[in-house]
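So you can see what is in the structure, the chains are spelled out below.
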Amino acid sequence: MQFAQIDGKYIIKIERGELVVETVTNFCRDQKILNGTFTGIGAVDRLTCGYYELKEKKYYFTDYDSMIEVVSLTGNVVLKEDKPFVHVHGVFTDTKNQAFGGHIDEMRVGVVLEVIFTPLSSNITRVLDEDIGLALLDLPCQGHK
Amino acid sequence: MQFAQIDGKYIIKIERGELVVETVTNFCRDQKILNGTFTGIGAVDRLTCGYYELKEKKYYFTDYDSMIEVVSLTGNVVLKEDKPFVHVHGVFTDTKNQAFGGHIDEMRVGVVLEVIFTPLSSNITRVLDEDIGLALLDLPCQGHK
Amino acid sequence: MQFAQIDGKYIIKIERGELVVETVTNFCRDQKILNGTFTGIGAVDRLTCGYYELKEKKYYFTDYDSMIEVVSLTGNVVLKEDKPFVHVHGVFTDTKNQAFGGHIDEMRVGVVLEVIFTPLSSNITRVLDEDIGLALLDLPCQGHK
Numbered sequence: 118m119q120f121a122q123i124d125g126k127y128i129i130k131i132e133r134g135e136l137v138v139e140t141v142t143n144f145c146r147d148q149k150i151l152n153g154t155f156t157g158i159g160a161v162d163r164l165t166c167g168y169y170e171l172k173e174k175k176y177y178f179t180d181y182d183s184m185i186e187v188v189s190l191t192g193n194v195v196l197k198e199d200k201p202f203v204h205v206h207g208v209f210t211d212t213k214n215q216a217f218g219g220h221i222d223e224m225r226v227g228v229v230l231e232v233i234f235t236p237l238s239s240n241i242t243r244v245l246d247e248d249i250g251l252a253l254l255d256l257p258c259q260g261h262k
Numbered sequence: 118m119q120f121a122q123i124d125g126k127y128i129i130k131i132e133r134g135e136l137v138v139e140t141v142t143n144f145c146r147d148q149k150i151l152n153g154t155f156t157g158i159g160a161v162d163r164l165t166c167g168y169y170e171l172k173e174k175k176y177y178f179t180d181y182d183s184m185i186e187v188v189s190l191t192g193n194v195v196l197k198e199d200k201p202f203v204h205v206h207g208v209f210t211d212t213k214n215q216a217f218g219g220h221i222d223e224m225r226v227g228v229v230l231e232v233i234f235t236p237l238s239s240n241i242t243r244v245l246d247e248d249i250g251l252a253l254l255d256l257p258c259q260g261h262k
Numbered sequence: 118m119q120f121a122q123i124d125g126k127y128i129i130k131i132e133r134g135e136l137v138v139e140t141v142t143n144f145c146r147d148q149k150i151l152n153g154t155f156t157g158i159g160a161v162d163r164l165t166c167g168y169y170e171l172k173e174k175k176y177y178f179t180d181y182d183s184m185i186e187v188v189s190l191t192g193n194v195v196l197k198e199d200k201p202f203v204h205v206h207g208v209f210t211d212t213k214n215q216a217f218g219g220h221i222d223e224m225r226v227g228v229v230l231e232v233i234f235t236p237l238s239s240n241i242t243r244v245l246d247e248d249i250g251l252a253l254l255d256l257p258c259q260g261h262k
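Protein chains in written order, with my numbering: chain A, 118 to 262; chain B, 118 to 262; chain C, 118 to 262.
Don't read these hints as lab results, they were simulated from the structure. The model shown is predicted, which means the values in this text are computed figures rather than measured ones. Backbone N, C-alpha and C fix where the C-beta goes; we use that ideal spot for every residue, glycine too. Take these hints with a grain of salt, some might be off.
Partner residues are not named here, just some residues of chain C that face chain A (Cβ under 10 angstroms, in silico) [what the hints assert, rightly or not]:
| # | residue |
| --- | --- |
| 1 | Q119 |
| 2 | G125 |
| 3 | Y127 |
| 4 | G167 |
| 5 | V188 |
| 6 | T191 |
| 7 | H206 |
| 8 | T212 |
| 9 | Q215 |
| 10 | G218 |
| 11 | S239 |
| 12 | I249 |
| 13 | P257 |
| 14 | H261 |
Based on the provided sequences and hints, a complete structural model is requested.
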């Protein structure tokens, strides 16, 4: 992977063969980034994504292993058990241009992935929500109903 | 809903059972935000979305009421009749990871929705375009053809 | 097209009948923007998009010419042969709300397209990668493996 830091953002190029969630997680660790948000476009050749089944409190993932365009990637990084944790959803298209996607477990770059990453100077943390079964954002301000 | 303000942005957590367009609209009203832009990921369990039919100058909406991953949410807030007005499009995936979506009328959070909101210090307004049949952005600068 | 400059960002309205890649490219040229990133939502009535076939080092595009919602647009601008070059992927939905998309060759606005554009003060350039067959981002910093 390669990157550049500009105007408080990072442009990141994740290269063919590299794992995306792992690479972004390691990048945050190396750059001492605790929180951030990112988008991305590119193509992957291996992908595991799916959905959360609230009743069973578990994810159901499907594996894909052909070349797939990454048409939308939206993610955030906050702390989970004191480490930067990546939460990312994606939309993908196949060779018929049909779209699919979901919550991304992991994916491997097939051509290239171009990411715009905006670090945030906070230390927001995920905390387990027992009812939901997931570690949710723990934020200081309460909105009105 | 909960939120945090960091580096001129807001991280917002919209919680299970809350309506998204209503919550973002009320958030802007409460925080005295006139303009802004946002992205989001999460899951909803009720959704009304669709498309605009230009010839008839009306939206056609479809209702969905199962658990749906929100894989991409892209929206903006500008003034319409002096109040913050949310315009948001979304991509969603079902339990087969198939993607669908459109212009969002409203949706209800099913698990959680994580939003990154960037306020803008302008007071851009939507003005009705008679030919299009919609209130479009009224912007001060004209681009070259 | 119309635009406004706010807080270091641009809000751009691309109008019915205008080509999107051409308009963003000309906008960057006119505003002397070398690098940037953008998102967008709206509707188009003509679209050419597809995917990159790595083995053959070529894009396969499909043409669409009905009204299509633009539900997610994610793009960047960097230099290619000394000129601002737009790389943009999109997700679209049809009148059944089904999603499709890919790498965008060009598209024409059918109703309106609302773009949030963030200029970057860098001069990052694309350089041909012989193995990939595409001009990829050339970035100064190398990440750890």
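Query raised in the report: Given G167/C as an interface hint, is the shortest Cβ-Cβ distance to chain A below 10 angstroms?
Result: 6 angstroms, holds
Report task. Report holds or violated for the interface hint on S239/C, using the least CB-CB distance to chain A and a cut-off of 10 angstroms. Result -> 4 angstroms, holds
Query - Restraint check, 10 angstroms cut-off on beta carbons, for V188/C near chain A - result: 9 angstroms, holds
Query raised in the report: Is the hint on H206/C kept, meaning its closest Cβ partner in chain A is under 10 angstroms away?
Result: At about 4 angstroms, which falls below the 10 angstroms cut-off, the nearest Cβ of chain A leaves the hint on H206/C intact, so it holds.
**Report entry** Given hint T191/C near chain A, where the shortest CB pair must fall under 10 angstroms
**Finding:** Result: holds, 5 angstroms to nearest chain A Cβ.
Query raised in the report: Hey, does the T212/C contact hint survive, CB to chain A under 10 angstroms?
Result: Status violated, d = 15 angstroms.
Requested in this report: With a cut-off of 10 angstroms on the beta carbons, see whether I249/C makes it to chain A.
Outcome: 6 angstroms, holds
Requested in this report: Tell me if Q119/C is really an interface residue toward chain A, meaning its C-beta lies closer than 10 angstroms to one of theirs.
Outcome: Since the shortest Cβ distance to chain A is 24 angstroms, the answer is violated.
Query - Status of the H261/C interface restraint (C-beta, 10 angstroms, chain A) - result: 6 angstroms, holds
**Report entry** Supplied contact hint for Q215/C, tested at 10 angstroms Cβ to chain A
**Finding:** 8 angstroms, holds
Query raised in the report: Against chain A, with CB atoms and a cut of 10 angstroms, does the hint on P257/C hold up?
Result: 5 angstroms, holds
Report task. Hold the hint about Y127/C up to the distance rule: shortest CB distance to chain A must be less than 10 angstroms. Result -> Violated: closest Cβ of chain A sits about 14 angstroms from Y127/C, beyond 10 angstroms.
Going down the numbered hints, you'll see the structure goes against 1, 3, 8, while the others check out.
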